[in-house]
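**Q** For reference, the chains in residue letters:
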Amino acid sequence: MNFNARRKPKLAVFKFASCDGCQLTLLDAEDELLAVAEAVEIAYFPEASRAVIKGPYDIGLVEGSITTHHDAERIQQVRRQCRTLVTIGACATAGGIQALRNWQDSAEFVRHIYPSPDFIHTLKMSTPIAEHVPVDFELRGCPISKSQLLELISALLAGRKPNIPTYSVCLECKRRLNVCVAVAQGIPCLGPVTQAGCGAICPAYGRGCYGCFGPMETPNTESLRAQLHVLGQTSQEISRAFRSFNAWTWHFRHASDEEERA
Amino acid sequence: MRLEAKELASLIETLRRDGYEVVGPTVRDGAIVYDAIEGLEDLPRGWTDEHAPGRYRLLRRPDNALFGYVVGPQSWKRFLLPPRVRLFSVRRNGDQPEIIADASAEPPPKYAFLGARACELAALAVQDRVLLGGPYADPIYRNRRQDVFVIAVQCTQAAPTCFCSSMGTGPKLSGGYDIALTEVVEGAESWFVAHAGTEAGAARLAALGAPEASPQDVARAEEAARRAESMITRRLNTAGLRERLAENFEHPQWDDVARRCLACANCTLVCPTCFCVTVEDTSDVTGSHAERWRLWDSCFTQSFSYIHGGPVRASIKARYRQWLTHKLSSWHDQFGTSGCVGCGRCITWCPAAIEITTEAEAVCGFPPSSLRSEQA
Amino acid sequence: MLPQASRVIAVERETRDTFTFTVAAPGGGSGFAPGQFSMLSVFGVGEAPISISGDPGEPDRLVYTVRSVGPVTQALVTRRPGEWIGVRGPFGASWPLAALRGKDILIVAGGIGLAPLRPAVYYVLRRRGDYGRLVLLYGARSPQDMLYRKQLSAWSYLPDTQILTTVDYGGLSWRGHVGVVTTLFRYARFDAQRTAALVCGPEVMMRFVLRELETRGMALSDVYVSMERNMKCAVGFCGHCQLGPHFVCKDGPVFPAARVKRLMERYEL
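Chains as they are written, first to last, in this note's numbering: chain A, 1 to 262; chain B, 263 to 638; chain C, 639 to 907.
Treat the hints with caution; some may be incorrect.
Taking lysine to aspartate or glutamate pairs in the DMTMM-like style, the calculated list, with each CA pair at most 25 angstroms apart, reads [said to hold, decoys possible]:
| id | chain 1 | residue 1 | chain 2 | residue 2 |
| --- | --- | --- | --- | --- |
| 1 | A | K161 | B | E553 |
| 2 | C | K888 | B | D390 |
| 3 | A | K161 | B | E360 |
Quick caveat, the hints were computed from the structure, so don't treat them as lab data.
With the hints as constraints, model all of the structure from the sequences given.
**A** So, in structure tokens, the structure goes:
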């Protein structure tokens, strides 16, 4: 990634089916936002500003999953417009919590909820961006980590490989000197199979990891499931634990399905 | 020398007054961790720890012992080999980069370790050999290590996960400390038999003006120490261990443990001898300021063995095998000792309850030497 | 271990993805031995281990041949003369040329593996009378991927010197040999009893070359290889570069083949 030093790279932010919390992370970077705005040209960011600078864009941040025909077409246009496409957040990288509908018949939900269901056009499944277009980089999390977003932007500008680790949360937990909640308190924790990035926040406050950052590089969910049983969890509880923000990822989906069958 | 609790308090006080940061055991988040100790009130009075593979619980003791526990999840390496440390920063100065070393920033704290166990002292010696004993010495470790004042505590109990006796590192203390204490619990307050291991230790003890320990005092202390030895049930057969592990690269036990291993890295991070670190380069968004940081790393991560083309050890099997054979076998080739001190932390803190002793013996084809029925 | 800021003096393209660049040795240069490497930093991007590929007889400059395979090497090859990089080193065990005086030297290189061997050639040529025949076998993927073509050609005219090259894929204008580097052995003229071999290339290539050398009567105690593993600290602390019991950064990268042959045959060691 070599940006022409004479022109600031153009950054654009696109939203699909999401809560928009991941985009907000950029705006939440209060101390660094000015520096970011000087280093890149924020060309398209409807959440922040109505001003639009036309594409193509150097960096496109994509939030949200694909749930409608319209979005399935729009993502193709977004891919064409962006030199580097980065998916941000569990909706974009995994299909999000809304991917829970993938196990059910979403048409039936529509019929139950809406008085005029014919006006609702939605796809059967909620799918991650990577199932539609090639993705250059992904930031996991629900929401993403502010420091990872800043690291990604400064890495793209500097030309280095972003320091976004794919090992387990346990490394962050131990570096932070947390006491393991699973071992010391028997609290169920998905940390050993979840990718680091959040800084191991939940265990620092005595809660088990929820798996917000999705499966780590080589998750052994079978072994963790066995341990969760040892800690006293039922198959239903274990299945539920894997069926959250990253439910539709291959590893977590497989784990929750296996527990459901048990 | 016989110390009453108030004399121990006074020892801590004078160390602090002399500029030492006294660190030792304290209760936090359901475990006994190492942190700053200001006085006896910070110590885990009346607490003990229950260990089993993958399980740790803090329990109340029937007495008020100050050091009535075994080992917590942390080791002294958190002070000497910090989890995150900046190596240097770089500023753009015209077109030449200006490199500012962090070692020249504020000097590191002067530590006094209170409560070091025999296995931990052995671990310090192992890390000293790795980080100071080769052609290059790590300046960060050296700066922190050279001024450490060590107050060791004799173990008077052992957990089912302890196997220091098999590794020749304990439970009896044998050097590596400035002062050694053996706690004798009697009624509401403990007293201690103290002896010095160095001149500095002797000086500090002499300054307390405490009486000599009587032969009965010494006998009570030795009895307490023997109790630890008798409580050890876990053993590791080390005869031929190094060679057998090196010869059994393709043993089916590796596949067996790979099915259970989470590759979560917890064992390496609680281990007091593991020293692997990685470096990360970062910059700010303007690109005019860059830094290099050093972080704890683990051979269980895929990126650990990454070269152009992919990681050499892609599978969990290869990574577990690397850890175990390094710890118990090739460490001998590299540093002349075993890498394992038998503290048992990797067994307690493994979320999958994998036991290094069981796996090593299975690969070597040894019959299990631990007394299973007595394990919790 | 701090890097020292060093100025880039020259950058030359060798092939489509490989460049040779020269930096002023920091502090005037303390010298290096053939086979050693430096840790080169591009600040804010990262640090990479790169073999020194220049003449050890010219210690005031450090020459590196770098193939761009990732962000750090890409940043290195795009430096321009006058820019600054960070240099640490030199590190590692070197080709034991002083101990091999009197022998014939057989050099077998694959691809970028010729880079850490070039200093060995310079060393031998500067002390030509101390050594016997010099035979160099070099395999590259294609003619466009060959390094140091002019030098190889010049060396081939030297007395008692045999330079043989081969490519995996010749293209239309290549008139030379085609095949993997082991296929050159039938043309190589060396006496196994008097020869020491220095080998560097992809690990799979080195494994096959070792077998070929043994078939031709060489004792592995006379063969040296240069190994590669992930390096971060280059001084044996970070643990990343372990190959069995060895730290490639300080026990290597040059090893006697006898010491590592079995290790090379272990999958995922």
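**Q** So which of those numbered hints doesn't the model satisfy?
**A** none
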